[in-house]
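Protein chains: 2
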Amino acid sequence: MAQKGFHVAVVGATGAVGTRMIETLEKRNFPVETLTLLSSERSAGKTATFKGKPITVQKAEPESFEGVDIALFSAGGSVSKQLAPEAAKRGAVVIDNTSAFRMDENVPLVVPEVNEEDIKWHNGIIANPNCSTIQMVVALQPIRKAFGLKKVIVSTYQAVSGAGAQAIQELKEQSKAILEGKPFVPEILPVKSDEKHYQIAFNAIPQIDKFQENGFTFEEMKMINETKKIMHMKDLEVAATCVRLPVVIGHSESVYIEIDRDDVTVNDIRNVLRDAPGVTLEDDPANQIYPMPAFAEGKYDTFVGRIRKDLDRPNGFHLWVVSDNLLKGAALNSVQIAESLIKLKLV
Amino acid sequence: MAQKGFHVAVVGATGAVGTRMIETLEKRNFPVETLTLLSSERSAGKTATFKGKPITVQKAEPESFEGVDIALFSAGGSVSKQLAPEAAKRGAVVIDNTSAFRMDENVPLVVPEVNEEDIKWHNGIIANPNCSTIQMVVALQPIRKAFGLKKVIVSTYQAVSGAGAQAIQELKEQSKAILEGKPFVPEILPVKSDEKHYQIAFNAIPQIDKFQENGFTFEEMKMINETKKIMHMKDLEVAATCVRLPVVIGHSESVYIEIDRDDVTVNDIRNVLRDAPGVTLEDDPANQIYPMPAFAEGKYDTFVGRIRKDLDRPNGFHLWVVSDNLLKGAALNSVQIAESLIKLKLV
Chain A
83 MAQKGFHVAV VGATGAVGTR MIETLEKRNF PVETLTLLSS ERSAGKTATF KGKPITVQKA
143 EPESFEGVDI ALFSAGGSVS KQLAPEAAKR GAVVIDNTSA FRMDENVPLV VPEVNEEDIK
203 WHNGIIANPN CSTIQMVVAL QPIRKAFGLK KVIVSTYQAV SGAGAQAIQE LKEQSKAILE
263 GKPFVPEILP VKSDEKHYQI AFNAIPQIDK FQENGFTFEE MKMINETKKI MHMKDLEVAA
323 TCVRLPVVIG HSESVYIEID RDDVTVNDIR NVLRDAPGVT LEDDPANQIY PMPAFAEGKY
383 DTFVGRIRKD LDRPNGFHLW VVSDNLLKGA ALNSVQIAES LIKLKLV
Chain B
83 MAQKGFHVAV VGATGAVGTR MIETLEKRNF PVETLTLLSS ERSAGKTATF KGKPITVQKA
143 EPESFEGVDI ALFSAGGSVS KQLAPEAAKR GAVVIDNTSA FRMDENVPLV VPEVNEEDIK
203 WHNGIIANPN CSTIQMVVAL QPIRKAFGLK KVIVSTYQAV SGAGAQAIQE LKEQSKAILE
263 GKPFVPEILP VKSDEKHYQI AFNAIPQIDK FQENGFTFEE MKMINETKKI MHMKDLEVAA
323 TCVRLPVVIG HSESVYIEID RDDVTVNDIR NVLRDAPGVT LEDDPANQIY PMPAFAEGKY
383 DTFVGRIRKD LDRPNGFHLW VVSDNLLKGA ALNSVQIAES LIKLKLV
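Those protein sequence lines, which keep their order, are chains A and B. 83 is the number of the first residue of the first sequence in this note's numbering; add one for each residue after it. 83 is the number of the first residue of the second sequence in this note's numbering; add one for each residue after it.
Derived by calculation from the structure, the hints in this document are not laboratory data. Treat the hints with care, since some could be wrong.
Since the list gives no way to pick out one identical chain from another, each pair is judged satisfied if it fits inside one copy or across any two copies.
Computed list of lysine to aspartate or glutamate pairs in EDC-like fashion (alpha-carbon distance at most 20 Å, straight line) [to be verified]:
id : residue 1 : residue 2
1  : 310       : 394
2  : 292       : 366
3  : 316       : 392
4  : 264       : 379
5  : 171       : 143
6  : 278       : 364
7  : 316       : 198
8  : 427       : 198
9  : 278       : 366
Hey, can you work out the whole structure from these sequences and the hints?
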């Protein structure tokens, strides 16, 4: 019996994440019957290729979602706020990669390796978490299941691609200008819509997204709040410092955790992660094996290494977590949610 | 009455730190009567300029230190191990910027803003701490004095210049090659003498110095052990994760601390740091003001910003600490120790 095919729409089809959504649907042989590619008016008319065939990108409108089964959104929060409810109203299940609905209590926030079951209570919209949150919870969930989890302190090392294609361009052009001793004017990073822009090439900027009243950035609050929601741990202590680096693709995270038990060894943690879904253990210091963003690009897994037991607290551990922020951090996780919808017969 | 002039020697005079030692002696108008520049045989014969006059660099030998009052060493641990005792034997006070003597209990480890008094018990050698340690203790000491300090967890964002002039060259050439789509072979970073070398351009490498048995790198253990020694806090909880970035100059640090008191506010911490020696407070999130390595280059101070109260623990705070690793992290701190020697009439 042939598997049922689905009508899939990708909104934001020409962006850094959207193009990877299309690639990922193809690579994972997702059962696509029809693929509708949507974008803003500016990008409408462009062509993308899926399984060797060209598809023209159309302007996204409420009517675009008639007959769509699954709609993958990654065109910014305001597009999602406007069009995701329209798509849901027309019977599509929306998988939204923006922050628009993530903390909405009527919207599940899902990383399939962690909380696939939450998909079951969706009301037409499922949110895809923030990139830096996804890879962290993929690494933490198996540890939590085995040994409990009390506290998380994370410092991130994030790639510019998280800020979109223009940020990638800015990093490359700025790097070239600096190497050639030419002048340049920062225009995109750290936050395009914020007032000041700073050099990212050969620099580190401790701001991702805008500042909140409490001194944390929105990105940091996303990591804190989304982690609690995905892991169903309202009382988990989580703190984050998010930093943008001159890296094109691949977020890295230095994560300190305190677990429930005092008797756990580094090898216990390694054994748990070695068998964990979506995780590749890369942890052999004697042979200088540890994860790095330059080698995570294009890979599906979350890479974990540098696992050390804290020297002061017997329940403390340090980890280094790396993943492709455009794949597991965005496009892949969205497609995995769609796969879970099929597996759970919810579409 | 004219101030006494001193006979100063710089060992490793042609290196990234050595050249900055010479510049710093000149800029701070250190009372130099005679300047002897020393190096390995390979660099001997080169010329450096001090106060407009050329000085020929000589090969460092035990006899080079006859008549020297103060010898600033920054030519690698093995040179220090061999020649620092020879210099001390001949009556020079050695200020050593390598890790050779830092944890020796007969050698004070000094950051003048923190423990200047320790200079008094020197036995001919005073150690200059590791770059990443110095800037952290400059930021933490005023907080500790005001509010106590229990725990420190730091993740670093370190510039390649900490690995020497060859590493700077490698970052620049590799960046150029990647931008032009040309091949390259990593040869220096993360650790020249270690077996494997990895791409640093557009990457982040979670290894600085070699790995120890316990899974921490030597750099991480330096931060842990040196912090306790400088601050005279044997029982302080300290953990470090050290990461090399594609940044030329300027180390950054994401620091989580727990202090003794629960009633301290972000403004209390700001007020203490605003008046602290060697610290510039750069902390105005509403106006996107925070420290960044690209803007710390060439500056003497340690810059602190992104100060936030932890959302879970009332005694927890997060800081972002940046400084020029070649100046406060090395050359400047060494010259400051020499200034303290004069101030305390120990030379």
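Hint check:
Proximity of residue 310 to residue 394 under the C-alpha cut-off of 20 Å is restricted to the inter-copy arrangement: shortest distance 13 Å between copies versus 26 Å within a copy. Proximity of residue 292 to residue 366 under the C-alpha cut-off of 20 Å is restricted to the inter-copy arrangement: shortest distance 13 Å between copies versus 38 Å within a copy. Taking the closest pair of Cα atoms, residue 316 and residue 392 come within 20 Å of each other only across two copies (16 Å); inside a single copy the shortest separation is 25 Å, beyond that limit. Taking the shortest Cα distances, residue 264 and residue 379 sit within 20 Å of each other only across copies (18 Å), while inside one copy they are farther apart (30 Å).
In the homo-oligomer, the alpha carbons of residue 171 and residue 143 lie at most 20 Å apart inside one protomer (13 Å), although the nearest pairing across protomers, at 83 Å, exceeds that limit. Taking identical chains as interchangeable, the C-alpha atoms of residue 278 and residue 364 lie at most 20 Å apart only when they sit on different chains, with a minimum of 15 Å there against 38 Å within one chain. In this assembly of identical chains, the alpha carbons of residue 316 and residue 198 lie at most 20 Å apart only when taken from the same copy (18 Å versus 47 Å across copies). Proximity of residue 427 to residue 198 under the C-alpha cut-off of 20 Å is restricted to the intra-copy arrangement: shortest distance 13 Å within a copy versus 70 Å between copies.
Proximity of residue 278 to residue 366 under the C-alpha cut-off of 20 Å is restricted to the inter-copy arrangement: shortest distance 13 Å between copies versus 42 Å within a copy.
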